[in-house]
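Colleague: The lines below spell out each chain.
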Amino acid sequence: MTTVQPVILGEMPSLSKLYVNAAAQAARRRVLGSHDGSDLPEASHEVRGVTPDVGNLTAFQHLIGETASDVLPAGFIHALAFPLAISVMNRDDFPLPLLGMIHLSNHVEQRSPVLFSERLDITARVENLRGHRSGTQLDVVAEVRVTGSPRIRWRGVSTYLAKGVFLPGIDKPSPVASRSDFKVPDPTALWQLGVDTGRAYAAVSGDFNPIHLSVLSAKALGMRRSIAHGMYLASRALADVGAVKGDSFSWHVDFEAPVFLPGRVALDISTVQLPGGTWQKSEFVAWNPRSGRRHFAGAVAAL
Amino acid sequence: MSVEGQSVTGPQESSTPVATAAVPTPRRAVVVGGNRIPFARSGGAYTKSSNQDMLTAALDGLIARFGLQEERIGEVAAGAVLKHSRDFNLTREAVLGSALSAETPAYDLQQACATGLETVLGLANKIKLGQIDSAIAGGVDSASDAPIAVSEGLRQVLLDLNRAKTLPQRLQVLSRLRPKDLSPDAPNTGEPRTGLSMGEHQALTTAQWNVSREAQDQLAFASHRNLAAAYDAGFFDDLMTPYRGLTRDSNLRADTTLEKLATLKPVFGKSLGAEATMTAGNSTPLTDGASTVLLAAEEWADAHDLPKLAAVVDGEAAAVDFVHGKDGLLMAPAFAVPRLLARNGLTLADFDFYEIHEAFAGTVLSTLAAWEDEEFGRTRLGLDGAFGTIDRTKLNVNGSSLAAGHPFAATGGRIVASLAKMLHAKGSVDGRPARGLVSICAAGGQGVVAILEAL
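These protein sequence lines are chains A and B, in that order.
Sequential numbering from 1 applies to the first sequence in the numbering used here.
Sequential numbering from 1001 applies to the second sequence in the numbering used here.
Chain A on its own, in the form it takes in the complex:
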């Protein structure tokens, strides 16, 4: 494989411009015919010397239930790298439509803590284009280093699905066995999510995707009501796991049924210990307390 030089951007791209550009691109493709490539762009995008805004950090921490410490929550770093990840999927040589992509799962390795005072180099690239029973999926990989250091502090892999898009040469996987029946456990927490939950997370994460902002803007994109950001829910679950996770951990979440706003979410966190009593991982699962439908599930584990 030839090594492609990273594209170094002068500053973190603006998400709102990327969304506008994606809409324009979608219209263009509709007129000119869809993109005919089946390969992902090899180039990665990079921004150097990123410094988080401390006011924004505090607001993020308070919103998701973390204590406002000087360490960046793993979900905050995801939000920090998110515009760069979107910029890769916004490239002209990216074969899938960005708008309407569904966030299927997220896997983060927080290898060592990142302080708000540190300058960060962030890279993002896409890989692993593959079939899905209802479309095409791929991984967006983001990595965060402290400027000048080769060591990765934070690494996130987000898996997205372009629903209903089937590219030539990519096989649909055989249908997976039907989802095992979910037996609702006793909740350890109950979240009351107001109708403004999406707007509040948009304000601290910068992700102003219209499906999260209001009933009207969500309906414009074909949703019945606005839905909570997946990473807001996952970040709250991570905060709920608490200090037991320590400085370095992995954090995995699979998203299932979306959480419509306003709404209530029941959560169960169960701790798995090693024989000596040492914390090994905390598994979490969230569901709709009325219907019993599973919203998301995952785990935070020692690295």
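Careful, some of the hints might be misleading.
If you want the ones that stay clear, here's a sample from chain A, every Cβ over 12 Å from chain B, calculated [claimed, not checked]:
#1 K17
#2 A23
#3 S38
#4 P52
#5 A68
#6 D70
#7 D92
#8 R111
#9 S117
#10 D121
#11 I152
#12 R155
#13 L221
#14 G246
#15 H252
#16 R294
With a Cα cut of at most 25 Å, we get these calculated DSS-like pairs of lysine-lysine [to be verified]:
#17 A:K163 - A:K219
#18 B:K1270 - A:K183
#19 B:K1326 - A:K183
#20 B:K1180 - A:K219
#21 B:K1128 - B:K1326
#22 A:K163 - A:K17
#23 A:K219 - A:K17
#24 A:K163 - A:K281
#25 B:K1426 - B:K1394
#26 B:K1083 - B:K1048
#27 B:K1126 - B:K1308
#28 A:K281 - B:K1326
By construction, these hints were calculated from the structure, which means they are not laboratory data.
C-beta: ideal position from N, C-alpha, C; glycine also.
For chain A, the structure is supplied; the task is to place chain B on it using the hints.
Modeller: Leaving out everything else, chain B in the frame of chain A:
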């Protein structure tokens, strides 16, 4: 999954015989008496009374009963769970408004529903150490006159407005106000880390320990029956001062029956897998009220020619990891009592009165079930088997919170004053002083328990 327990003499407990022997036996702290105002259901007789009003009323009744006008008391400690920020010196303000000497110092304490008992233990310790000779412990709460905060949005705007220096800056700050910022924030009984209300938490515990609806209703019925009988016998005549027209706790239903309790619909635990069993009848209602307890060194009580009802022997606090469901929110006393008894060389059967605060009938019954459970005793308490059983005829014999109501911080004072009186009346049993156990659970997964002994 292995769950480590809270062994009765865990590694954190340095209660080795050597260390104990090195500590000189301190002098006694005794309960002289107590006074409370009748408890009122929220929205009732005390709707417009503030915490300070009610605490002062209870305090003035105590002062009148024991002739403490112009007396400089060693220290007064009290607290409230639902507290206005302006009440940062609630207890000192109540002292200043009372007939006590204005030179009586006071401090506020807050440990959720354990506030009242913790003021008793803290002040008793000061007396035992010789730092003070007399003290008044107490607590008050008003669910009617509860503090209401402005919304977080409005609060941030007001704070930033205060910091803004120029007119344009002020206008810029004001422009952030949104209509929804004008709706207030009322306090709720939800646990901050889980979002579950205390009742929902207890519903999980009640189901976990298989406590039946019938058993809960039976406990609630006994509470009303016992409290009504205590009133009829004049038990509260020297423990209470009427206030705002009330002479009895307004939650008391002397004529309630098991049949009536059985007709009530469940209010907690309705979305759980198990059957919902917790009703408004076997859960405590929101209540307003205040209580006080006069504590003293024996010499002080003698010098003032005051009674000595009971000694405050010892106390213990415990907490459980409830956040992810390892234990129930209100189960901390299940761990605190075994530790306290081990330290004092006692078993659960060595008591003549058990005062287990009825936050919910399910709380009392879950705690008793845990103590009777072999597995819990072995794996969680580190004992050879079950911790023990109690003689139910000695439980909450003059009624408890299900009948009296539960103004959070006032419950400890209610129980300590009543128990001290009961112990004093009982005198000695089998040649030893009568003994009473107090157990109070609290929000945040905490619990405080204590031993009192007749004098």
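Colleague: Are the hints correct? Go through all of them and say.
Modeller: Consistency of the hints with the structure:
{"no.": "1", "hint": "K17", "in the structure": "holds (25 Å)"}
{"no.": "2", "hint": "A23", "in the structure": "holds (28 Å)"}
{"no.": "3", "hint": "S38", "in the structure": "holds (45 Å)"}
{"no.": "4", "hint": "P52", "in the structure": "holds (20 Å)"}
{"no.": "5", "hint": "A68", "in the structure": "holds (14 Å)"}
{"no.": "6", "hint": "D70", "in the structure": "holds (21 Å)"}
{"no.": "7", "hint": "D92", "in the structure": "holds (40 Å)"}
{"no.": "8", "hint": "R111", "in the structure": "holds (25 Å)"}
{"no.": "9", "hint": "S117", "in the structure": "holds (24 Å)"}
{"no.": "10", "hint": "D121", "in the structure": "holds (34 Å)"}
{"no.": "11", "hint": "I152", "in the structure": "holds (30 Å)"}
{"no.": "12", "hint": "R155", "in the structure": "holds (27 Å)"}
{"no.": "13", "hint": "L221", "in the structure": "holds (24 Å)"}
{"no.": "14", "hint": "G246", "in the structure": "holds (16 Å)"}
{"no.": "15", "hint": "H252", "in the structure": "holds (18 Å)"}
{"no.": "16", "hint": "R294", "in the structure": "holds (15 Å)"}
{"no.": "17", "hint": "A:K163 - A:K219", "in the structure": "holds (18 Å)"}
{"no.": "18", "hint": "B:K1270 - A:K183", "in the structure": "holds (17 Å)"}
{"no.": "19", "hint": "B:K1326 - A:K183", "in the structure": "holds (19 Å)"}
{"no.": "20", "hint": "B:K1180 - A:K219", "in the structure": "holds (23 Å)"}
{"no.": "21", "hint": "B:K1128 - B:K1326", "in the structure": "violated (37 Å)"}
{"no.": "22", "hint": "A:K163 - A:K17", "in the structure": "holds (23 Å)"}
{"no.": "23", "hint": "A:K219 - A:K17", "in the structure": "holds (21 Å)"}
{"no.": "24", "hint": "A:K163 - A:K281", "in the structure": "violated (32 Å)"}
{"no.": "25", "hint": "B:K1426 - B:K1394", "in the structure": "holds (12 Å)"}
{"no.": "26", "hint": "B:K1083 - B:K1048", "in the structure": "holds (15 Å)"}
{"no.": "27", "hint": "B:K1126 - B:K1308", "in the structure": "holds (17 Å)"}
{"no.": "28", "hint": "A:K281 - B:K1326", "in the structure": "holds (15 Å)"}
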